[in-house]
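Asker: Put together the whole structure using the sequences plus the hints.
Spelled out, the chains give:
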Amino acid sequence: MKDLKHLLYFENLLQNADNELVQQAKSEGKICVAYVCENTPEPLMNLGNAFSVRLRAPRTDSMEISTYYMTSFLCEYTRALLERAIEGGFNFADGIIAPDGCTMINRCVENMELLHTMGEGNKKFFFSNMEIPLKDDDNGVELAILQCKNHILAPLHDSYGIDISDASIRKAVKEHNRVCELIRAIGEYRKGDKPRITGYEFHVLTLATYVAPKYLVIDKLEETLKELKTRKPENKEYRARVVLVGSEMDDSDFIKLIEDTGAYVCADRFCYGSLPGRDPIELNDDEDALTQVCRHYVHSCQCPRMMNMEKVYGRKQYVNDLAKEYGADGIIYEQVKFCDPWAYERTLGSTMLRDDFGYPVLSVDRPYSINSSVGQMRTRVQAFVESIEIKKLRGGAK
Amino acid sequence: MVVKAENYNRPGDKQLGVLFDGGKVRKRREWRGLKDTLYDYGRWLHIMSILAKFIAKPRNIKAMFRYRWMANYLATPHMIDKFTMGLRDEPLRIVHTSMDFVVYDVASTLDNIFRGDRRTGNDVEYSKKCVLSDENAMTAFMMGFPTVHAILREVPCMFVANLLTQYSSTHYLDVAQQAGIPGDVCPMPEAEAGTSIDDDFAVLGCCAVQVNTTCDGSLMGNGIIAKRLEREYGIPTFQLLAPMRHREEDVQKYAAEDMKKAIAFVEEHSGEKWDWTAYFESAKRVNDATRKRMAWLEINSTPYPQFVGAPFSLYNDTNYMGNCGRSKLFPPVDAKLLALAQQGYEAKRMMAPEYRHRCIVWGVQPQYCIDMLNWMVHCWGVVPLTDMLSMINTKMIAEEDTPENREQAYYDMAWLNENMIMRNRTHGGYKVLVSELWEFCDMMHADMVMLWEHMSCKALDGMHGQFEEQARERGIHLVWVCHDLCDPRVYTRQAIRNQFNDYMRTVMREEPLDPSIEILPDDNAW
Chain A
12 MKDLKHLLYF ENLLQNADNE LVQQAKSEGK ICVAYVCENT PEPLMNLGNA FSVRLRAPRT
72 DSMEISTYYM TSFLCEYTRA LLERAIEGGF NFADGIIAPD GCTMINRCVE NMELLHTMGE
132 GNKKFFFSNM EIPLKDDDNG VELAILQCKN HILAPLHDSY GIDISDASIR KAVKEHNRVC
192 ELIRAIGEYR KGDKPRITGY EFHVLTLATY VAPKYLVIDK LEETLKELKT RKPENKEYRA
252 RVVLVGSEMD DSDFIKLIED TGAYVCADRF CYGSLPGRDP IELNDDEDAL TQVCRHYVHS
312 CQCPRMMNME KVYGRKQYVN DLAKEYGADG IIYEQVKFCD PWAYERTLGS TMLRDDFGYP
372 VLSVDRPYSI NSSVGQMRTR VQAFVESIEI KKLRGGAK
Chain B
15 MVVKAENYNR PGDKQLGVLF DGGKVRKRRE WRGLKDTLYD YGRWLHIMSI LAKFIAKPRN
75 IKAMFRYRWM ANYLATPHMI DKFTMGLRDE PLRIVHTSMD FVVYDVASTL DNIFRGDRRT
135 GNDVEYSKKC VLSDENAMTA FMMGFPTVHA ILREVPCMFV ANLLTQYSST HYLDVAQQAG
195 IPGDVCPMPE AEAGTSIDDD FAVLGCCAVQ VNTTCDGSLM GNGIIAKRLE REYGIPTFQL
255 LAPMRHREED VQKYAAEDMK KAIAFVEEHS GEKWDWTAYF ESAKRVNDAT RKRMAWLEIN
315 STPYPQFVGA PFSLYNDTNY MGNCGRSKLF PPVDAKLLAL AQQGYEAKRM MAPEYRHRCI
375 VWGVQPQYCI DMLNWMVHCW GVVPLTDMLS MINTKMIAEE DTPENREQAY YDMAWLNENM
435 IMRNRTHGGY KVLVSELWEF CDMMHADMVM LWEHMSCKAL DGMHGQFEEQ ARERGIHLVW
495 VCHDLCDPRV YTRQAIRNQF NDYMRTVMRE EPLDPSIEIL PDDNAW
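Line by line, the protein sequences give chains A and B. Numbering of the first sequence is given in the working numbering, commencing with residue 12 and proceeding in unit increments. Numbering of the second sequence is given in the working numbering, commencing with residue 15 and proceeding in unit increments.
These are computed hints drawn from the structure, not numbers from a lab. Computed from a prediction, not measured in an experiment: that's the story for all the values here. Please note: incorrect hints may appear among the correct ones.
[As the list claims (entries may be wrong)] Rough simulated footprint, nothing fancy, chain A against chain B, three-plus residues with beta-carbon under 8 angstroms:
| no. | segment |
| --- | --- |
| 1 | 198-211 |
| 2 | 245-256 |
| 3 | 449-457 |
| 4 | 470-481 |
Note that beta-carbon positions come from the ideal geometry of N, C-alpha and C, so glycine has one too.
Answerer: Written out as structure tokens, the structure reads:
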């Protein structure tokens, strides 16, 4: 396919945490709110003059110092973040909000705090830890509301005078929804036999919406959507269509690796993906916006830390629904190595998707940056793709 | 800091190494003097009588052949021997009083499990009045159900089994890893998941209540176990939550509301109603146990600690968490232990001729090398004053039955649930794990911290550098001792001890008190 007009632009945004759009927003006097877990309600960090940036550590290499502080047994995502923080790579942020989504991310941010890695010269800088629900129920929604008030809205207002009114939240949700609608509309082009966007391209676009101020990426996303309407798809059959499921995915090269084997990543069910990360938040006028935002995040959450059994089973059903909707031939469950929640989730998920739903499943762990393990991973994905092809040739079930 | 015993001349000392024979130790002939040897022998007979009563029941014999982990219980007397090695006088009696009661409690749990187990005893009516609970779970939610039995099913299968014999978990770890769980997660929940995958748990109960107990691994392992319970055995499962940031005021209501749901769930499935009278009676016992624990710690903060080491930790686990005030049998044992500790303190009893260092044991202890704390006293004169798992709730809960206290009770139960052993330190932010350790060092007059580094415990590992730097700033000797919790294939017992030996020789430049036990040939022992 012909290259997307803005692909290189979006790719460049992913090369640095402190990318050009972050710098532009900062130069406009905006307040940068960093966060580290998908369960943090994004619109609440985009109120008034504030904008959110999901922390990541592109082009990670050595993690020796963070490994000293946290040992080699913590997941590379958290070690990469701490290393980058120690290097001073996150000094653009004006505050950080860190839910205890998992133990490792908690420890990562606590080390950032204890080592005084962020907020140098900014007396208003804050570290804010928050609890997030473990179950999808009304009690969980109530907790989320309270926590968001105490640990997101209060520090934003108290430190930077950010407008945290209902009207302000509604405005932020509107902007958030515009991004979601664009990403989901772009994602629709992954359906069908002749998709007009590759899984890699889609991931680059999606990831950019998490790491750059939203108001600065909307125009290029709109242009991209327009471009896709007339984009001529590849005149080839993909060897297998797969749903990629798992822990946080910072590395578009991993998707590229999968697609280089002839497979096609037709749906993304991982942290910071579009499903359900870019589901628009529907607001009504009968209830305050904060409650509705929190309810949306609690109900739509597909994080394995959600422990009630309806969610445990529901997550697998959700993957099955996606596989059907996007016409997948198989599922790839991935996990950043040493991630406990996804270690178990991929075991149970891969078993249930195979045994209960009948899909071929590849279950792998991976490094934070796939470049350190390309050969091994490619071999595993190739074998998986071939196994799906053989099944297809034999006319067997999915 | 050094405390030396006066006129320390006891039979059998400095020769403890001869008790290990390189294989599965079957007899222990430690000469402790006439009085203490007779006492010890009497307690050995008591343990054997508990085991004999247990095995006399046909359903329990049947279970011995059905469940792989049951064979570990043959090593029960040896476990007690490990804890009493080198002890005399009050410390010997304290260990026997506490651990013999733990043996009785575990034997009762096993007996109850097999009574209701569909594969062995199959007492259907009894099973209908049983609620399954996790290994590392507070049973606070059962404090008001005096006629319903809380069955901590994983305790005898996994937790205790690994105290008894070091290789008890390896089969289940292999099973779990063959099913796809990586080898880098905590082996405790992994082995429990493996037991479930291997279908080697007893099957009973009207329902189960699982808790996101100690770590992400525990939380996630529950899903695998619950799927089998619900879908294969038709045992409905409730997931009781314990917030992560448990010291924060703004999570308490959340926890209390879920506690109400858990109780309603048990009521629905057991057909029994919550009994407030029983609850507040249990609450009184919880407070009594808390006061006793604080009194033991106070004695341990003096130059003559009495109730220390693994028995201190294991007894607290059993009483605080597994019992949680529900049984009337614990308070008399608590009282006896306190009396012994006070008596020992007044008589200035010591477990070794010299206490060179006062040590706080922090982190998660290896199940398969649980006797190391006793070894530290005898080999190096390092006395373990307390451990992380024993530094639990010190708050008194409401114990009078009033309308206000009935609402407060949900908050108290939730508080206890949040503050179950281990998780009250590994979750809730670095202050409860790191900062409070230094406060405990001051409180207990400790000059040394032995930090168990359970290599798969992300909560501990994540603070590795902070522990090291902050200990250095405070001039506290910090000894890292790495292990893999319940997998001796990763770190053998001697590999664990060697880390301590190396520190004592190279950093502290000291020689052992009893060189005969510096290296023990126990890699093939139980």
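Asker: A separate judgement is required for each hint: does it hold in the structure or not?
Answerer: Hint check:
1. Coverage of the segment 198-211 of chain B by chain A holds [criterion: at least 3 residues with CB-CB distance below 8 angstroms; count 4].
2. Counting residues of the segment 245-256 of chain B whose C-beta sits closer than 8 angstroms to any C-beta of chain A gives 3, which meets the bar of three, so the coverage hint holds.
3. Taking a C-beta to C-beta cut-off of 8 angstroms, the segment 449-457 of chain B contributes 0 residues in contact with chain A, too few for the three needed, and the coverage statement is violated.
4. For a cut-off of 8 angstroms, the count of residues in the segment 470-481 of chain B with a CB near a CB of chain A stands at 9, and the three-residue condition holds.
In the structure shown, a violation is registered for the earlier hint numbered 3 alone.
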